[in-house]
Structures are given as structure tokens and as C-alpha cells.
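Asker: Going down the list, the sequences are from chains A and B.
With my numbering, letter number 244 in the first sequence gets 243, and the count goes up by one each step, no holes.
With my numbering, letter number 36 in the second sequence gets 35, and the count goes up by one each step, no holes.
Check each hint, because a few of them may be wrong.
Same chains, same names: a pair is fine if it fits in one copy or spans any two.
In silico SDA-like cross-links for lysine to any residue, where the CA-CA straight-line distance does not exceed 25 Å [unchecked claim]: (1) Lys406 x Glu91; (2) Lys70 x Glu450; (3) Lys72 x Gly324; (4) Lys70 x Arg335; (5) Lys406 x Tyr66; (6) Lys19 x Pro465; (7) Lys349 x Arg138; (8) Lys19 x Ser47; (9) Lys315 x Asp261; (10) Lys94 x Thr108; (11) Lys218 x Val369; (12) Lys496 x Glu157; (13) Lys454 x Cys484; (14) Lys70 x Ala332.
These aren't lab readings, by the way, just hints derived from the structure by calculation.
There are 2 protein chains.
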Amino acid sequence: MSDDDADSAAGEGQELGITKSKQYDTGEWYAEIVQKAGLANYAPDGMSGFIVTRPRGYALWERLKGYLDAKFKDTGVRNAYFPMFIPESYLEAEKDIVEGFDPEVAWVTHGGHEELDERLAVRPTSESIITPYIAQWVRSHRDLPLRVNQWCSVVRWEATETKPFFRTKEFLWQEGHTAHADADDAWAETMTRLDQYESAYEEFLAIPVLRGRKPEHDKFPGADTTTTVEALMPDGKTVQGGTSHYLGTSFAEAFDITFSADDEADRLTHTTSWGISWRALGALIMTHSDDQGLVLPPTVAPTQVVVVPIWQEDTKDEVLEYAEGVADELEDAGVRVELDDRDTRNPGFKFNEHELDGVPVRFEIGPYEVEDGEVTVVHRPDGAESTVDREGIAATTRDHLDEVFAKLYAAAEENLEGEVREADSRDEILGTIGRHGGYVKAPWCGDERCEAEVKDQIAAEIVMVPFEEEDERRGTDHDDACAVCAEPATRTAYFAKSY
Amino acid sequence: MSDDDADSAAGEGQELGITKSKQYDTGEWYAEIVQKAGLANYAPDGMSGFIVTRPRGYALWERLKGYLDAKFKDTGVRNAYFPMFIPESYLEAEKDIVEGFDPEVAWVTHGGHEELDERLAVRPTSESIITPYIAQWVRSHRDLPLRVNQWCSVVRWEATETKPFFRTKEFLWQEGHTAHADADDAWAETMTRLDQYESAYEEFLAIPVLRGRKPEHDKFPGADTTTTVEALMPDGKTVQGGTSHYLGTSFAEAFDITFSADDEADRLTHTTSWGISWRALGALIMTHSDDQGLVLPPTVAPTQVVVVPIWQEDTKDEVLEYAEGVADELEDAGVRVELDDRDTRNPGFKFNEHELDGVPVRFEIGPYEVEDGEVTVVHRPDGAESTVDREGIAATTRDHLDEVFAKLYAAAEENLEGEVREADSRDEILGTIGRHGGYVKAPWCGDERCEAEVKDQIAAEIVMVPFEEEDERRGTDHDDACAVCAEPATRTAYFAKSY
Numbered sequence: 000m001s002d003d004d005a006d007s008a009a010g011e012g013q014e015l016g017i018t019k020s021k022q023y024d025t026g027e028w029y030a031e032i033v034q035k036a037g038l039a040n041y042a043p044d045g046m047s048g049f050i051v052t053r054p055r056g057y058a059l060w061e062r063l064k065g066y067l068d069a070k071f072k073d074t075g076v077r078n079a080y081f082p083m084f085i086p087e088s089y090l091e092a093e094k095d096i097v098e099g100f101d102p103e104v105a106w107v108t109h110g111g112h113e114e115l116d117e118r119l120a121v122r123p124t125s126e127s128i129i130t131p132y133i134a135q136w137v138r139s140h141r142d143l144p145l146r147v148n149q150w151c152s153v154v155r156w157e158a159t160e161t162k163p164f165f166r167t168k169e170f171l172w173q174e175g176h177t178a179h180a181d182a183d184d185a186w187a188e189t190m191t192r193l194d195q196y197e198s199a200y201e202e203f204l205a206i207p208v209l210r211g212r213k214p215e216h217d218k219f220p221g222a223d224t225t226t227t228v229e230a231l232m233p234d235g236k237t238v239q240g241g242t243s244h245y246l247g248t249s250f251a252e253a254f255d256i257t258f259s260a261d262d263e264a265d266r267l268t269h270t271t272s273w274g275i276s277w278r279a280l281g282a283l284i285m286t287h288s289d290d291q292g293l294v295l296p297p298t299v300a301p302t303q304v305v306v307v308p309i310w311q312e313d314t315k316d317e318v319l320e321y322a323e324g325v326a327d328e329l330e331d332a333g334v335r336v337e338l339d340d341r342d343t344r345n346p347g348f349k350f351n352e353h354e355l356d357g358v359p360v361r362f363e364i365g366p367y368e369v370e371d372g373e374v375t376v377v378h379r380p381d382g383a384e385s386t387v388d389r390e391g392i393a394a395t396t397r398d399h400l401d402e403v404f405a406k407l408y409a410a411a412e413e414n415l416e417g418e419v420r421e422a423d424s425r426d427e428i429l430g431t432i433g434r435h436g437g438y439v440k441a442p443w444c445g446d447e448r449c450e451a452e453v454k455d456q457i458a459a460e461i462v463m464v465p466f467e468e469e470d471e472r473r474g475t476d477h478d479d480a481c482a483v484c485a486e487p488a489t490r491t492a493y494f495a496k497s498y
Numbered sequence: 000m001s002d003d004d005a006d007s008a009a010g011e012g013q014e015l016g017i018t019k020s021k022q023y024d025t026g027e028w029y030a031e032i033v034q035k036a037g038l039a040n041y042a043p044d045g046m047s048g049f050i051v052t053r054p055r056g057y058a059l060w061e062r063l064k065g066y067l068d069a070k071f072k073d074t075g076v077r078n079a080y081f082p083m084f085i086p087e088s089y090l091e092a093e094k095d096i097v098e099g100f101d102p103e104v105a106w107v108t109h110g111g112h113e114e115l116d117e118r119l120a121v122r123p124t125s126e127s128i129i130t131p132y133i134a135q136w137v138r139s140h141r142d143l144p145l146r147v148n149q150w151c152s153v154v155r156w157e158a159t160e161t162k163p164f165f166r167t168k169e170f171l172w173q174e175g176h177t178a179h180a181d182a183d184d185a186w187a188e189t190m191t192r193l194d195q196y197e198s199a200y201e202e203f204l205a206i207p208v209l210r211g212r213k214p215e216h217d218k219f220p221g222a223d224t225t226t227t228v229e230a231l232m233p234d235g236k237t238v239q240g241g242t243s244h245y246l247g248t249s250f251a252e253a254f255d256i257t258f259s260a261d262d263e264a265d266r267l268t269h270t271t272s273w274g275i276s277w278r279a280l281g282a283l284i285m286t287h288s289d290d291q292g293l294v295l296p297p298t299v300a301p302t303q304v305v306v307v308p309i310w311q312e313d314t315k316d317e318v319l320e321y322a323e324g325v326a327d328e329l330e331d332a333g334v335r336v337e338l339d340d341r342d343t344r345n346p347g348f349k350f351n352e353h354e355l356d357g358v359p360v361r362f363e364i365g366p367y368e369v370e371d372g373e374v375t376v377v378h379r380p381d382g383a384e385s386t387v388d389r390e391g392i393a394a395t396t397r398d399h400l401d402e403v404f405a406k407l408y409a410a411a412e413e414n415l416e417g418e419v420r421e422a423d424s425r426d427e428i429l430g431t432i433g434r435h436g437g438y439v440k441a442p443w444c445g446d447e448r449c450e451a452e453v454k455d456q457i458a459a460e461i462v463m464v465p466f467e468e469e470d471e472r473r474g475t476d477h478d479d480a481c482a483v484c485a486e487p488a489t490r491t492a493y494f495a496k497s498y
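For reference, chain A alone in the conformation it holds in the complex (with noise of 0.2 Å):
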């Protein structure tokens, strides 16, 4: 109990209810929410862009990271843990690579009371020091497909305004690096891990996301595709919300990996590459909280039923008994369960706290659920209240856990849909965006010059260009012209406002 009220109070003396609207105050409102709830508070002065993550907003990262972790290992992935720090000089070999690889990091220059002979990287991400591992670790094609995942923070130097968990210095994520015999095996990797992306945005977060290829020129460096999850938040713009690289065999070239095929002849690998950051807890707390708080989907959130017992002094012990007795039968069913017992504060109080945290369900029993052998259940993102048996009361919570999901997914699902939206010309993307927010769909010649027209004046970009839709054009003529300079289309872009 103690730590939970440690968690959620601001202090005494400050307003503990959220003030700012989600509507139209929504970057404001966001930062309310991390604080009041006590996801996160920001770090002190002289570290402007760090966060310090509370337990209530690290349980979110360790339901995450369990539920991605499981799928990984289901698929052949393993845990392993490089340095955190990457020589200079190892950067400097995959900018030769990789045009257009240029991390802003930060430096170790002193080790100690020491000057560094070459400085060391605070790593932004692990290709230049996990590949020639790899290269190492491989020889023959027996040891392909290789996988190695690690669960890490890293940190890039980019001195843009903080918002936890969707900008920050430093960031946890994880990154897998895979090595395989062909382009087939590689490229099935890469839609392997973009799935699990996917699955556990729409099945664990309940945010339905969109999925496709960067353009050509948005690429990861030295990646021949990368592919993505991409999320709508309610003020219109996008999330990356995680991306799947092949890297063909650019990076197998640069560092060597080779295999002894069945032929014996040596061969190139191919590889790839996958990241998933806490953005995704961004995207969460974003895409369903309201203005009175937190909202979660059950199966992310640590506590999934709050028990609150309504009792006067001469029904105090019965109460008490009966709301105990549920709160011990849900939690031998599985059920992540809190009985809110405190007698210092009231069922008011306590509503309104729950409420801010998060907590999926509420239970009220007082004297009348008692009596009539029933449980009065509350859904935290409607408020929608009935009353259910006491009798089978873990199977019924169930239910109704899965049904606060559902309700969370449709009104995400409902509000995507109403923000895809079809423009045939320039003028037409800018101004659906400009009013709406959203994506547009439109046809596009694949020429960066015609993204750069919209880039330039309202800061959207092509943040996707759907699978499906590439290759049913890919091959077949068609007579739609490019959105922006009327040459032939060869693909669907989706143009954007991102985070």
C-alpha cells in the first residue's frame, strides 16, 4: 500500500487531478499524465533530455519486454549483452559503409583521471560492434540462422524538447541482429519480427497500426528495406512504432561474415536488424488516457482490478470479508488484483485514484453487494457500471477484462479509419493534413523531390508505403499520376505529421 500511495500522490498540497485538456492541450495533458500517474518524473538540472522512469511506468516496460521476449525466444532468438561503449574508430568504419550514418552520440573522452587514446561512443545502436561478432561466430552454414537479441539502453544526442518516452536522450529498447544463408530466409526474418511489432501493438497494447516500407531515402542506413509499424495518436500525428530492417548484405560485405555453404564455397550472409523503444509506452499512454488520467488496456496494466470496499463502522467486518474473499479468489484465478482496504482514505478518494493510475476495472462491494450476493464492476474507460454474481466471479472478470480491451481497440481502430484520407494533388495533401491531421493516401512516382514539396511547407513526410499496395502495382500499368508532379505513380504513399 504504502509504496502505491508514495507512486501516485504529487505531494501533498498540489492538485492531484489531471488539469489540462486532452483535446486541446494534448502535449501538456500528455506531460500531466506521466507525472500525476507517476510514470516518470524528468531528470535534474544538467541532464535536460533524461527521464527517470518510476515503477509504475517501468511495469509497463516489463510487461512489454516479457510479452515481446516470449515471441522472440518462441522464434529461435537468443539474449546476449555487448559493451555499452563503441570505439571511435569503429563508427567511423560504418560511416565508410553507410552513407549517410552520422550519430549524434555522446563521448567518453576520460576513463578515470586518465585522457582516452581513442574516444569511446556511448552506443547509439550496435551494428559496428555486434556484425564483426557475428563474423566471428560464424563459419559454416550449421550455424546460420544466427540470432542474437539484446534487451539495453542507448543514447543519441539529439537536442530536441523532451517528452518521456517519445523523445528522450536516452532511451531502453531492444535490438536484434540476425545472420542468414539467403535473401529469403533473411527477408522472412525481417516480416517475422515486423509481425511480432505489429501483434504487440494491436493484441497486447490494443493500438491497431499500419505497416509498410520507409522510402528509399528514409531508409536505416546501409538497410535495403526497412519496414515498419506506424500508430496514430489523437492529435493526428504518427509514431514509429518500431522498424524491421534487411540489410541485404552490406553489412555482411563491410564486416565479413561469411559461411562455408553446402558446397563448400564461401558465401555472404545476409542480415538484418529490428528495434522496438519504450515509444511504445508513449503511444500507449497517449492513445487511450482521457482527462481524468491514465487509461490501460488489462493486459499491459500491473494492476488489472482494483477491489474497493464501502463500508460504515457497523458493516465494516462483513464488508471487508467479502471483498477480501473476492479480491483472494481472482488472484488464484491469475487475475492481477489490489484490495483497497486503506481506512484513511474514502471510496471517493480512492475512485479518483484508480482512476489516474489506470486501473482497468473496478470493484465496489458495500453493504448491498453483500447482501445480494453481488459485485458491482466499473470499466475505466467508459465509467460503464453493472452488477454482476458473486458466484463464478473469476470467470466473469475475464469477461469483462477482455471487453474493457475490445471497447480500447475499437475506439482506436474507429478513430484510424476515420483519419485515412485520399488526395490526388499537392495543394490537396497539404490542405487535408493541414486541417485534418492523419495520413494521406496518395499516389507517388517515388522521386524524394516530390515528398520535399510537402515536407517543406507543413513538415509532413512519407512515413510508409503499404505492402499490398506496392506490389499489386509493381508490374501492372495503371494510369494514376503522381500525387504531387503528375509522372506515373508506382506506388501508394502515406503522407504524415510524425512524433
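Keeping the supplied structure of chain A fixed, place chain B upon it in accordance with the hints.
Answerer: Coordinates of chain B only, in the frame set by chain A:
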């Protein structure tokens, strides 16, 4: 399969087996085990002191982490994540509070192309950044106890020879930080964590430990009391296996962690911190392994049982089918089992490889086993072989896994018991440790100078003062004299050489 090949093979053409002797060349033998069992590699040039932790090595850390994390959570601890950098002024502030605090750290001086206004230390430990937040989160007695923990990596720039897991500039660990209303509660916390470290060693890693306090002059800077579990290595040196610190009110005073008590007065909290690192893996590898390779207790082993089918062409189908049935039954029963049905390797090669990799139990299944409805079971530590009924194999396997654990623990315990010796004079301490290594128990006056006389000569120091001994001696009068200075002894000291 293929990942496993990649992991355990040191590459074609290299000697696959262990060539060094545990008894005569412990250091080189240890390094060989780590490399050839695929646990870790050394980091590249320019990064001496760092290692790459490979999947087989990281899996051990994941399992130990899982074991302890569950215990922590069962006892009120919640995980969080704090920035990996700490501003220099924070460490300087800690220096003022905490005499003797002068960590050798890695310094970040540049972010991107800019020099930072203030240098940032890569965290060597996080008291100085975590404590101010605890101060902010603790308001009233209802917020106590407050417990946070993080699993992360830390960096200490010590210029010593690298020994994977034992001595590396970057290492993985957990650091727990708690605040309490009074000394008793904080002391109980300190002991709870020490108990959990002890059980991690004894019940999970099969390593008996000794427990006690560090001498005053060897405490964690700022601590009231530093407690430790110590494990004896086969070369007669001790490993500080995990430490739990009762910090008194020193950090609370420095960082102003106060709370309003029941009586509304503001009071200082009492704090603790406690940590265990991947050094525990070093102790694990060092303790049980032998000249054939890695040896692991079944508790921590990623693969507990390997099933090796042995067939001729005419018996292949029936042997494989039988072996698969056995493996499936074990898997259904929750045993971590691997069926090694590669037909590119002969059984002898497989036996050697799984011995090198430390799989605790091997099943051999050939045509005779199939005919007789049996399985041949071989224990990794001592090669003990027996034949058991196919029927009830899952339960039988549990017994064998327990037996292997018991064998390993008993061997380590026997070693430890033989390596605690007594001494009554400085010369006897020096001679005994010089000849035998191990621990020497001696009465001690408590003066650091008496330790220095031993330390200066043979680099052995007081690693621990047992709780019981000290409690017994306190307040009782006895006629033991300090083994070094002959003044009255106030406690028993354990001298040893240390990792």
C-alpha cells in the same frame, strides 16, 4: 540446433576441448572455459576491460535475475530505471558527504559535436541520482517503506587485468535502494536482502557462502554497516558475492529525506542499498566446472537434460521415435530438454560438446534402451551412469536433477569446510594462508592496523566478521587476545585473499 553449433564451436581447426588444468592453472583454465563453452568473448582492441556476453553466458544471468527478481517482488520491491549518467556535481556532493568516495569513472564530455557544460559520469552506482528522487517521493509515513531496484550495467574504470564476470570495466548488476521510518525496519531490510543473496548462492547456484559484516574501514562509503556473503573459490580465494548496506541516516541527511511521522513531526528516514553483480556467474563457473568444461547445477542450466539418440541405419527410425517421445514427455513436464538428433555429428562428439557446455544430465538412447524400455542416464559432474525405466521418466528425471544439484552442493560444502582454519598469531595467519589459501579465523581487536600487517605481506585481508561470533563476544568477557597485537579481541575476523 544451428545456433547451438555456432555457440559452442570455437571454430573449425581450433582445439575444441579444455587444455588447461583447473588445479594447476586456475586462471587460464577459467578463461578457457568461458571462451570455449561460448559464455563470453573479450571486447575488441581499444576496449580492454570489456567483454561480450554471448547467449550461453547471458542465459545464466537471465536465470539468476529471474530467481532474484521474483524474490524481490515478493518482498515489496519494485523496479525502476534511472539515467545512466550522473552530473559531476552530484558525485562531488556525494564526496562531501561520504568520506573516501572517489570512484574511477568513465566521463562523458561531449554530446554530438558540442562540449558539455558539465561532465557526466557513466554511473558507477546510483545513490547520488536515486536518493534525491526518493527524497522527493517520500512525504509522509504512509510512503514508507519505499523500495526501488534497477537491473542495469555500471562502469568502474579500474585498471586491472580483465577476468570475465569477475573483473570487467562494465558489469551487469542490480542495485536496490530503500527508505524506512526507523533503524529497525532498515536493518530488517538489509538482512532480508542478504538472506536473498545467500539463498541465490546456496539454493540456486549450489554454492555455500559465509555471511557477516565488513570491517569498519572496508564498508561502503557512507554506510553504517556493510554486510556480505562470501564464497570460496577452488584456488583458495574468496569472492565478495553480494553486499547489503545499512546506510543509517547519512544519505537521508545529505539529501534531506524526511517524512511527517504519525505525530506530525518531520523525521529523517533510514536508508539501505544492496547489490549483486554478474560476478556471481564467475563464482558459479569457477566453483563447479572441471577439466572437461563447464558444469552447471540444473537450477541455472539453460538445458537441463540432453537426449542423445544412438542409432545405426537399420535402427534409426525406432530409436529416434523413442527418443523424441522421451524428450516430449520431459518438455511437457517442464524440464528444459534438448533432443540432439543431428546426423552430422557422431555420439562421441555430442557427448564431448554437451560436457563442455555443462548440460547437467545426459540421456543415451540406443536400440538396447528401446528394446528394454529403458533410458541410460549420465550425470555431468561425476559421469555416474545408471539405467532407469522409460515409464515414469519425468519423475525420475526430477530425482536425478535434484541428485546432481546435491552432489555439486556437497562437493562445494566439503571444500569450504576444509578451508576454514584457525590461527592465534600473525605468523600463523600468514603461514596458513600462504600454504593453504582459504579462510583463517582469528581473534581480532578491531584495529585496522592489525589487518594492515597481514595485508602488506601477503595481500590477504579481513573479508568478513561473522554476525554470530560478534554478537556472542559483545558484552561478554573472554580472554582471547588479538592474533596480531595481543590486545583484547572484540570479534573474530576471517582473513583471506580476495578476488
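Asker: Give a verdict on every hint.
Answerer: For each hint, the structure was consulted:
| no. | hint | result |
| --- | --- | --- |
| 1 | Lys406 x Glu91 | neither (50 Å within a copy, 52 Å between copies) |
| 2 | Lys70 x Glu450 | neither (36 Å within a copy, 54 Å between copies) |
| 3 | Lys72 x Gly324 | between (37 Å within a copy, 23 Å between copies) |
| 4 | Lys70 x Arg335 | both (22 Å within a copy, 17 Å between copies) |
| 5 | Lys406 x Tyr66 | within (21 Å within a copy, 36 Å between copies) |
| 6 | Lys19 x Pro465 | neither (36 Å within a copy, 57 Å between copies) |
| 7 | Lys349 x Arg138 | between (61 Å within a copy, 18 Å between copies) |
| 8 | Lys19 x Ser47 | within (23 Å within a copy, 51 Å between copies) |
| 9 | Lys315 x Asp261 | between (76 Å within a copy, 24 Å between copies) |
| 10 | Lys94 x Thr108 | both (20 Å within a copy, 22 Å between copies) |
| 11 | Lys218 x Val369 | neither (61 Å within a copy, 56 Å between copies) |
| 12 | Lys496 x Glu157 | within (19 Å within a copy, 47 Å between copies) |
| 13 | Lys454 x Cys484 | within (14 Å within a copy, 81 Å between copies) |
| 14 | Lys70 x Ala332 | both (24 Å within a copy, 21 Å between copies) |
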